[in-house]
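Model the placement of chain B on the given structure of chain A, informed by the hints.
Respectively, the protein sequence lines represent chains A and B.
My numbering runs 51 ahead of the 1-based position in the first sequence.
My numbering runs 51 ahead of the 1-based position in the second sequence.
FYI, nobody ran anything at the bench for these hints, they're computed from the structure.
Just so it is clear, the structure is predicted and the values come from calculations on it, not from any experiment.
Hints are not guaranteed to be accurate.
As the list claims (entries may be wrong) - Under the rule of at most 25 Å between Cα atoms (straight-line distance), these lysine to any residue pairs were calculated in the SDA-like manner:
1) B:LYS107 to B:VAL69
2) B:LYS107 to A:GLU495
3) B:LYS176 to A:ARG207
4) A:LYS176 to B:LYS107
5) A:LYS167 to A:GLY135
6) B:LYS452 to B:ALA414
7) B:LYS394 to A:ARG232
8) B:LYS388 to B:GLU353
9) A:LYS176 to B:LYS176
10) A:LYS107 to A:ASP71
11) B:LYS176 to A:ASP468
12) A:LYS176 to B:GLU353
Unchecked claim - Covered by chain A, per the in silico footprint, the following chain B stretches (three or more residues, Cβ under 8 Å):
13) 85 to 92
14) 195 to 205
15) 223 to 233
16) 295 to 304
17) 372 to 378
Unchecked claim - Distance windows between CB atoms, simulated:
18) B:LEU174 to A:ALA451: 49 to 57 Å
19) A:ILE418 to B:ARG136: 30 to 38 Å
20) B:ASN453 to A:GLN369: 58 to 66 Å
21) A:GLY84 to B:GLU112: 55 to 63 Å
22) B:ARG465 to A:SER340: 36 to 44 Å
23) A:SER462 to B:ALA370: 49 to 57 Å
24) B:GLN484 to A:GLU495: 31 to 39 Å
25) A:SER462 to B:GLN170: 34 to 42 Å
Glycine included, each C-beta is placed from N, C-alpha and C at the ideal position.
There are 2 protein chains.
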Amino acid sequence: MTPLVERFARVLGARGIVDDPADMAPYLRDWRGLRDGASPFVLRPATVEEAAEVVKIAATEGLAIVPQGGNTSLVAGAVPDSGGRQIVVSLTRMNRIRQIDPIDRTMIAEAGVTLKAAQDAALEKACLFPLSLAAEGSATIGGVLATNAGGNTTIRYGNARDLMLGIEAILPDGRIWNGLRRLRKDNTGYALRHLFAGSEGTLGLITAASLRLFPAPVDRAVAFCALRDEDAALALYRRFDARDARLRAFEYMSGAAVDLVRELIPGVSLPIASAGHYALVDLSSSDPSAGLRDIAESVLAEALETGEVIDATIAESQAQAEALWRIREEHSEAQRKAGLSIKNDVSVPVSAVPELLRAATAACVAILPGIRVAPFGHLGDGNIHFNLVQPEGGAAAFAAKNDALIAAVNSIVRRLDGSFSAEHGIGALKLDQLRDWRGGAEYEMFRAIKTALDPHGRFNPGKMLAEVDAP
Amino acid sequence: MTPLVERFARVLGARGIVDDPADMAPYLRDWRGLRDGASPFVLRPATVEEAAEVVKIAATEGLAIVPQGGNTSLVAGAVPDSGGRQIVVSLTRMNRIRQIDPIDRTMIAEAGVTLKAAQDAALEKACLFPLSLAAEGSATIGGVLATNAGGNTTIRYGNARDLMLGIEAILPDGRIWNGLRRLRKDNTGYALRHLFAGSEGTLGLITAASLRLFPAPVDRAVAFCALRDEDAALALYRRFDARDARLRAFEYMSGAAVDLVRELIPGVSLPIASAGHYALVDLSSSDPSAGLRDIAESVLAEALETGEVIDATIAESQAQAEALWRIREEHSEAQRKAGLSIKNDVSVPVSAVPELLRAATAACVAILPGIRVAPFGHLGDGNIHFNLVQPEGGAAAFAAKNDALIAAVNSIVRRLDGSFSAEHGIGALKLDQLRDWRGGAEYEMFRAIKTALDPHGRFNPGKMLAEVDAP
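Excised from the complex, chain A in its bound form:
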């Protein structure tokens, strides 16, 4: 053992250090397999005090830290670079629910608690922790807050930051900041928790968070609908929204995206007529007499009458509801199986979603005939995963057009006053886009804040903000 690893071992014990190359591999490769980094070893503190000691030693040694939770970033945000001077600090051993209060509807969870474990802990107390996304079995509370994750339920409950009341973090000098308040109103100084949320590990190490809970739903209605066209998707969303119908999710899927799921995922079938566009509608309420099924039926009847909806089904059971959701949730896996793909995680004002779908599809087909344009996503909050899949047998041609396709989609998003990164963040992949889209005064404020809170640039260097040469 080198002296450095010995210093860490004295703090963390043998269980807290991973240095076997085979054991380290999963920590060093990002979820999409785009980046392989190097780290002398991986540190796994089990308590906030251990985490603070780790950061202090790294500070005295001039080492950089890459915070990592479930390592499910889609923008390579939680793996080190290849230089070998960045140490991965994995929070997965900090996985305690410290407190859960069903009266206040709050929970204090450590950073390494998975999103699924947090949901389950809430449910045991007849509460709901509503954040929900495909990677919830692996993604952690620390990670979803550091990236301000969104997911399916933003239209009802907001993004991760909106579910957070307070944060505990290790600052770059190794001090513990305990900001774990549980208050809905607390106007005492700058909202530091909102600065750490979405900071992608560049300001410190989030070790715990106090979170909002909601009453657990007892009534639910889940419908799957075939739609006339893009405009019908928006119109149907507006019908439900205007009725105060307790929408929990409103997901859009293109016909091409659903076709990939039907072709490539065994055991998935479409329970309604096929179409060019689909919506999954999920209503939920803690009021047992909310009558959500009646509301869903009545809204769908109106939309069938106008022709917006071509065909629809409402789940008769929890199992049916899960089967409908599975069609939506298998989109990423189906696209992975179909070969090369490009993930454009974009957002636009909700009213512009139909225009985005039409214009970006036309632009991509013009660049590469045969391309499979397979958008899907969270229509209710304007966030569309405008994903592109290679033509069958056309990987090389697709790869050659990679940059042109991304540029074409982003140029339409820009015209529609949207964002090039709705919920995935910047990570290591979109540094140039951030500087381009948020340049000038805004980018300078980013840099000023980074310099003020992490003056030596020790936290997650090379992520979100392009590195500055040392002065």
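Below, chain B without anything else, positioned relative to chain A:
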């Protein structure tokens, strides 16, 4: 005219400068009449370009700027000090609604639009801008965002920051930052808008904001209830909340506070039996068939059965609903008429509200027998205005105990993990408390951010953060 005022006059024209002492007076005295400041003149830009020019000139002249909206701060946050080197910049001429979109449910409003005008503009498009507070006829969008105002509807819609999608601001060097995005999801860099929200004018001049709207309510039920005790107030809140009853507000009032309204405000009467504790319950929905009155009746029937509720009435008309709300809204005016008062704007976790009410009442009565302990506030979000009113004829004794009474309430709030400033902020009045309660690493981060974004300390010096001696 001095050369300085001439420079500003060239940018703003005569209408944009107030320099007559009588005309200036309302800009220099805070709403509670606690502070009288001095300013060489008051500047009133009408456009974002004028505002930017004003800040640039102030920067070159080394003058400080005090941003001001409706001047309704309860902590003297928007008036200058007495030194005469701080210039009030009033945003009230920037009062345009630049855009309103009922499909996206967004509005772009300039900083000087009053909260009431923003509500009315939304309503014209069958939308709701839900932020609601007593000063809404004067308070402005810029002010409510700079202070992250809360008010009555936080339990349903959140605080001001939760209703904000983007911000436009003049930075301390005079540059315009246009962050007026209208997206529900946009993970591109640090959340600067959340740093400006609640910054109390210390980081720059908010000139406009993009805001979230909601469907306008069409069904409503407003009830006024007499309660058995403090615990019953919490229990009743939980009954409504668990039913997904579309609570828009749940306001608590102590018997002493309501008695002051009945004594001192003409035309207000109590429509139910008198009691030691009351609640105002307001349900609203955009679904015409939501059946809110039935829900209210059913929940109240349960609570009458258990004895939590002693007596209750549900408004039969909009006029009756307004009459019930008037009892709540006249609290500040009644307390003003009753003589000296202390406003403790505190919050605790919701479950601790009954304990706060009991313990703080006992502590204050022990310090000053005869004191009128008259708490009221937003029980659903844990924010109680634990206000204290002088004994009749006992102003001097009350004033002598001012600090002891504040300390006694705050010490109980601290024990209950609460906050000394829930929604009013820090302003010029609570600088020491901020340093005390949020000291150490947290306060140092506040200072680092202030220095990073306003390095010369030009924006609202002496507010929120204690001034640092020049190096």
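(message) Need the status of pair LYS167 of chain A, GLY135 of chain A: alpha-carbon distance at most 25 Å?
(response) 32 Å, violated
(message) Check the hint pairing LYS394 of chain B with ARG232 of chain A against an upper bound of 25 Å on the C-alpha distance.
(response) 22 Å, holds
(request) Take a look at whether the Cβ-Cβ distance between ASN453 of chain B and GLN369 of chain A falls inside 58 to 66 Å. (result) 60 Å Cβ-Cβ, so the 58 to 66 Å window holds.
(request) Given the range 34 to 42 Å, decide if the beta-carbon distance of SER462 of chain A to GLN170 of chain B lies inside it. (result) 37 Å, holds
(message) Between the alpha carbons of LYS176 of chain A and GLU353 of chain B, is the straight-line distance 25 Å or under?
(response) This hinted pair holds, its Cα atoms lying about 23 Å apart.
(message) Using a Cβ cutoff of 8 Å, are there at least 3 residues of the region 85 to 92 of chain B near chain A, or does the coverage claim fail?
(response) violated (count 0)
(message) So if I understand the rule, the pair passes when the alpha-carbon distance is 25 Å or less; does LYS452 of chain B with ALA414 of chain B pass?
(response) Judged against 25 Å, a Cα distance of about 12 Å means the pair holds.
(request) Verify the coverage statement for the region 295 to 304 of chain B against chain A, using a C-beta to C-beta distance below 8 Å and requiring 3 or more qualifying residues. (result) holds (count 3)
(request) Sort out whether ARG207 of chain A lies within 25 Å of LYS176 of chain B, counting only the CA atoms. (result) Roughly 22 Å between the alpha carbons, so the hint for LYS176 of chain B and ARG207 of chain A holds.
(message) Taking the Cβ atom of GLN484 of chain B and the Cβ atom of GLU495 of chain A, is their distance within the range 31 to 39 Å?
(response) Roughly 33 Å apart at Cβ, these two residues keep to the hinted range, so it holds.
(message) Please verify whether LYS176 of chain A and LYS107 of chain B have alpha carbons no more than 25 Å apart.
(response) 56 Å, violated
(request) Note whether the CB distance of LEU174 of chain B and ALA451 of chain A lies within 49 to 57 Å or breaks it. (result) 54 Å, holds
Consistency note: the structure conflicts with the earlier hints numbered 4, 5, 8, 9, 13, 17, 19.
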